[in-house]
Amino acid sequence: MSQGPLHPSPHPAPPLAVEHLAKAYRTGGRLLPVVGDLTFALARGEIVAIVGPSGCGKTTLLNAVCGLTPADSGRILWNGAPLDRRGRPPSGIGYMLQKDLLLPWRTALDNVKLGTELRGMPRGQADERARALLDQLGLHGFAGAYPATLSGGMRQRVALARTLINDPDVLLFDEPFAALDFQTKLLIEADTVRLVRDGAKSALLITHDIEEAVSIADRVLVLSGRPTAVKASYTIDLDCAPDDMIGARESAGFGDYVRQIWADLDIPRSTLGCAGRGISRAAARS
Amino acid sequence: MSDAVTGLAPIAGKSQNALPRDGARLRSGALVLLVQIVLLAALLTVWEWQTRLSPQSAFLFGSPSAIGRFLWQGLADGTLLRDAGVTALETGLGFLIGNLVGTLAGLSLWYSTFVSRVVQPFIVAIGSIPIIALAPIIIIWFGTGLASKVAMSTLSVVVVALVTSYKGALGVDPDQINLLRTLGARKPQIFAKLVVPSSLADIFAGLKLTVGFALIGAIVGEFMSSSVGLGHAIFQAGSLYAIPKVFAALVGTIALALVLTFLVGRAERMLMPWRDHL
Numbered sequence: 001m002s003q004g005p006l007h008p009s010p011h012p013a014p015p016l017a018v019e020h021l022a023k024a025y026r027t028g029g030r031l032l033p034v035v036g037d038l039t040f041a042l043a044r045g046e047i048v049a050i051v052g053p054s055g056c057g058k059t060t061l062l063n064a065v066c067g068l069t070p071a072d073s074g075r076i077l078w079n080g081a082p083l084d085r086r087g088r089p090p091s092g093i094g095y096m097l098q099k100d101l102l103l104p105w106r107t108a109l110d111n112v113k114l115g116t117e118l119r120g121m122p123r124g125q126a127d128e129r130a131r132a133l134l135d136q137l138g139l140h141g142f143a144g145a146y147p148a149t150l151s152g153g154m155r156q157r158v159a160l161a162r163t164l165i166n167d168p169d170v171l172l173f174d175e176p177f178a179a180l181d182f183q184t185k186l187l188i189e190a191d192t193v194r195l196v197r198d199g200a201k202s203a204l205l206i207t208h209d210i211e212e213a214v215s216i217a218d219r220v221l222v223l224s225g226r227p228t229a230v231k232a233s234y235t236i237d238l239d240c241a242p243d244d245m246i247g248a249r250e251s252a253g254f255g256d257y258v259r260q261i262w263a264d265l266d267i268p269r270s271t272l273g274c275a276g277r278g279i280s281r282a283a284a285r286s
Numbered sequence: 001m002s003d004a005v006t007g008l009a010p011i012a013g014k015s016q017n018a019l020p021r022d023g024a025r026l027r028s029g030a031l032v033l034l035v036q037i038v039l040l041a042a043l044l045t046v047w048e049w050q051t052r053l054s055p056q057s058a059f060l061f062g063s064p065s066a067i068g069r070f071l072w073q074g075l076a077d078g079t080l081l082r083d084a085g086v087t088a089l090e091t092g093l094g095f096l097i098g099n100l101v102g103t104l105a106g107l108s109l110w111y112s113t114f115v116s117r118v119v120q121p122f123i124v125a126i127g128s129i130p131i132i133a134l135a136p137i138i139i140i141w142f143g144t145g146l147a148s149k150v151a152m153s154t155l156s157v158v159v160v161a162l163v164t165s166y167k168g169a170l171g172v173d174p175d176q177i178n179l180l181r182t183l184g185a186r187k188p189q190i191f192a193k194l195v196v197p198s199s200l201a202d203i204f205a206g207l208k209l210t211v212g213f214a215l216i217g218a219i220v221g222e223f224m225s226s227s228v229g230l231g232h233a234i235f236q237a238g239s240l241y242a243i244p245k246v247f248a249a250l251v252g253t254i255a256l257a258l259v260l261t262f263l264v265g266r267a268e269r270m271l272m273p274w275r276d277h278l
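Going line by line, the protein sequences match chains E and A. The first sequence begins at 1 in the working numbering and counts up by one. The second sequence begins at 1 in the working numbering and counts up by one.
Next comes chain A alone, as it looks inside the complex (with noise of 0.2 Å):
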């Protein structure tokens, strides 16, 4: 077999590249963060410069330094904890069981041409209904209290998931099916091994797509009723005309969207490994 040696010649070559382009990867980063951080700074700054010289606009736009003097209040006096803490609960658990049943769903429905054509229409219908005109419904249903977000979040989540992983199972490529049965494979084994594997890439689009539904679900619940949560904090600052305070809890909003997307990108670099060498 010495011979062969000569056909994997290619491989050294390839992996010796990999070094120099990783560096300069390294250094752009770095050049990017710069950049945002530069940029996010002129932004507060001009932000609170105009709000200095005018009441008017400080009363309407808020200044940067009273949001984080809110935030700063918020933090140690544990309400914006408490608020951020409810809404995570309230996003995650819909995140979870609204992508678990629409994924489930969507992978299922794989296995049968028959009912996925049967239920297509119904899936657009519901897919294409805007979740606040069913708020009123759900807090009747499900009552002013925790149970209500969470369906109002999982509500948000359920379609998007179930239409990613069917358009990633149909993505399977008709050759691999192919391979499969030649080796006989029955349905079963075909949709653990290939069709369930070979969808993650969409799941994932899908979760990381997600995280944001369900966080809208999950505020525009809390609009419609309740008391406590970020959304709360945000009405009711609103309402109040505490325009730093509705800052100051948008903030922690988007604290929240940023850690869960941080979780996802994890949680698929720990699923899918391979994934580092494509």
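Chain E extracted, bound-state conformation (with noise of 0.2 Å):
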């Protein structure tokens, strides 16, 4: 079903493709709709990121791409096949959260080699793999070193290079940069772009920083309040290059979507201590 690189059919299936997804959540007896009628698709070697609300439902939707929540209702399609009755997590898929869930008992090196281990690669495959990767990230020299020596933003680096270790086609991040430093995201985040578009792979980049998802993004979809649907959709095309975290904010469209997007997102503006100062609520492309 997966269509290699070198030969694309003329209409291939997108990598990942979510229809009229529905989940919600019993809680003390009341049914609390979360996700409410979600329909995207990601293209092969596109990057999308998702912003919405605090509390929307965006850690829901990613857990239920990836089969680890079933959903009540609608279709989930990898490479336009749904997820197997277990709703097992489809392979070639990259998981990366905000915790960056390293196991404190292995190493770097060990813990970047994770997948492959669970997938039975040579372990001498397995090694230099790890390694180059590892010295890709600037991590070079600290293969050996256990996490608890590392600090925050290396650890978020080891949990990438875990991420890319299988090679993944489409990655999904949950919110990987938010507890780093502004500095430290800055970087990690031009290697993160780097990688994905070097190796044409696709992600889904779930966060609430706006400035990220519109320096890191193809296309940002703004989610509204629960229960939750595609509210805007916003191609993103700035006059930098795409892994230049710092000349994506310099470009003159930059300032436009973000204050675009935080329109969309419509949080009270009581709730943010500033008097009505109508910022007109642009015409989204959806």
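Keep in mind that a hint or two might mislead.
[Unchecked claim] Distance condition first, Cα-Cα at most 27 Å in a straight line; then the derived BS3-like pairs of lysine-lysine:
no.	chain 1	residue 1	chain 2	residue 2
1	E	Lys99	E	Lys185
2	A	Lys167	A	Lys208
3	A	Lys167	A	Lys193
4	A	Lys193	E	Lys99
5	A	Lys208	E	Lys99
6	A	Lys208	A	Lys193
7	A	Lys167	E	Lys99
8	A	Lys167	A	Lys187
[Said to hold, decoys possible] Here are the computed distance ranges between Cβ atoms for each label pair:
no.	chain 1	residue 1	chain 2	residue 2	range
9	A	Val124	E	Asp135	52 to 60 Å
10	E	Gly74	A	Val124	42 to 50 Å
11	A	Asp175	E	Gly92	38 to 46 Å
12	E	Asp135	A	Ile126	50 to 58 Å
13	A	Lys208	E	Gly29	42 to 50 Å
14	E	Asp244	A	Asp175	48 to 56 Å
15	E	Gly55	A	Asp173	18 to 26 Å
16	A	Val124	E	Gly199	50 to 58 Å
17	A	Asp173	E	Glu19	28 to 36 Å
18	A	Ile126	E	Asp72	39 to 47 Å
What the hints contain is simulated information worked out from the structure, not anything from laboratory work. Here a beta-carbon is modelled for each residue, glycine too, at the ideal position from N, C-alpha and C.
Assembly of the complex is requested from the two constituent chains, each provided in isolation within its own frame, with the hints serving as guidance.
Below, the structure is given as structure tokens:
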């Protein structure tokens, strides 16, 4: 079903398509609809960022997409094929969270190699790949270090290497950079974008950082509050190299995108303590 | 990648800080040891002095010098070493069997929520039985030799080991389980690569706790019926009002507990090398 990159068929199925996804949770006898009716697709080689108000079910969406939480209704198609009946995560995805989730009893190298062990890749080959990835991420010389001795930024780089080791087609990011300081964040963002673009991978980035979304993604989807649906979609076109995080922020259109998305999020001004200086709701390209 | 170096900067400061703190810790450790020695010496001096004042208290409490004589005599004629050796064997076997069975059972309960819910009340029930109440039955079943003491020791250990290891297995971060699942792990792989190693800290906490329980089990077994062992020596000396001899055997018991605890600590350091970095 999946198409090799050298021989694309005229209409290849997108790596990931979500159709009319809905999910509710039962809390205290009441049914709380979290995801209402969500439809979007991730094209090959595309980076899509999803922003939404707090508690709008972004993480629920991600867990449903990779089969960790079953959806109530709707379809999730990986390369055109639905999840199997046990809802096992499809192979060929990488999953990265805000928590680095490194195993403290493994060295950086062994953490990176985790995915290769689970797939039974020969040890020598796994070693070579893991070392190459650590080198690419500026962690040369830290292969034998335990996570507890690494800084937050380095730990997240190890987590990124672990995510990439099985060479996934699609990467799912759930606010992976949210806990990092601004400087480290920009550096890791640039590395991530470079590795995703160089590997011709697709990525879905869930974030509540609008600037991060605009500077990284090809397309930004804005979600509404619960029950969640896609409210607006922006195709980002900035005048800079795709992995230039500072250049993106200096580009002419950057501020407009950020303002429009901010307006779409519709966060009540009273909670922000600023007077009603009306930003006109720009028509969203949907 | 030269710009990445800036992201790595924090680590340099971290390792430089470590040295002076280690020195301070070493110095305060020496002070703690000194105070401990002084306290022990003071206790023994007061004890000796009091028992020399009255023959009555010498009879009731024994004197450190008399205890020392019995210790020396026991070491010289080999009786103390033989008693300690037998008790060490009983305790060691009970400790190993109890922890092995308990830990395996506790960890494997992680596999099935259903089974763990079914057996939970039984575990609580068994865990609440005072082991000494089982001693008469154990002796009937296992005889008066080594086996009954090992059984007592094992029973004292097994439920604690089960509960601590199961608690460890339940404490695994669900996000980490999800991560392994997205990497393609099946349940046995999650068990081997995640549940077992992340339960090690709790398992070792249980091991340290059960050193004492294993020793209690063995000594209670020796109290009930035995011809050798530290518990036998304590019981016999006690019934003959030979208080210094009781204390001498107690010193042997304490030494045994310390050696076992030390061995568990060494095993922990060997099996969990990453802990030195936490």
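May I ask you to test the hint 18 to 26 Å on the CB atoms belonging to glycine 55 (chain E) and aspartate 173 (chain A)?
holds, 22 Å
Taking the CB of aspartate 175 (chain A) and the CB of glycine 92 (chain E), does the distance hold inside 38 to 46 Å?
Since the Cβ atoms of aspartate 175 (chain A) and glycine 92 (chain E) sit about 21 Å apart, the hinted range of 38 to 46 Å is violated.
Is the distance from the Cβ of aspartate 244 (chain E) to the Cβ of aspartate 175 (chain A) consistent with 48 to 56 Å?
Given a distance of about 32 Å, which is not inside 48 to 56 Å, the answer is violated.
Falls inside 50 to 58 Å, the C-beta gap from valine 124 (chain A) to glycine 199 (chain E)?
holds, 53 Å
Cβ separation of lysine 208 (chain A) and glycine 29 (chain E), checked against the hinted range 42 to 50 Å:
holds, 45 Å
CA of lysine 208 (chain A) to CA of lysine 193 (chain A), is that 27 Å or under?
The given pair, whose Cα atoms are some 24 Å apart, holds under the 27 Å limit.
Starting from lysine 167 (chain A), check that the Cα of lysine 99 (chain E) is at most 27 Å away, please.
holds, 23 Å
So does valine 124 (chain A) sit 52 to 60 Å from aspartate 135 (chain E), Cβ to Cβ?
With a Cβ separation near 53 Å, valine 124 (chain A) and aspartate 135 (chain E) satisfy 52 to 60 Å, so the hint holds.
Given the proposed pairing of lysine 167 (chain A) with lysine 193 (chain A), does the C-alpha separation stay at or below 27 Å?
holds, 17 Å
Cβ separation of glycine 74 (chain E) and valine 124 (chain A), checked against the hinted range 42 to 50 Å:
With a Cβ separation near 44 Å, glycine 74 (chain E) and valine 124 (chain A) satisfy 42 to 50 Å, so the hint holds.
Between the alpha carbons of lysine 193 (chain A) and lysine 99 (chain E), is the straight-line distance 27 Å or under?
Satisfied, since the Cα-Cα distance of roughly 19 Å is no more than 27 Å.
Range first: 39 to 47 Å. Now tell me if the beta carbons of isoleucine 126 (chain A) and aspartate 72 (chain E) are that far apart.
holds, 43 Å
Going through the hint list in order, the structure does not satisfy hints 5, 11, 14.
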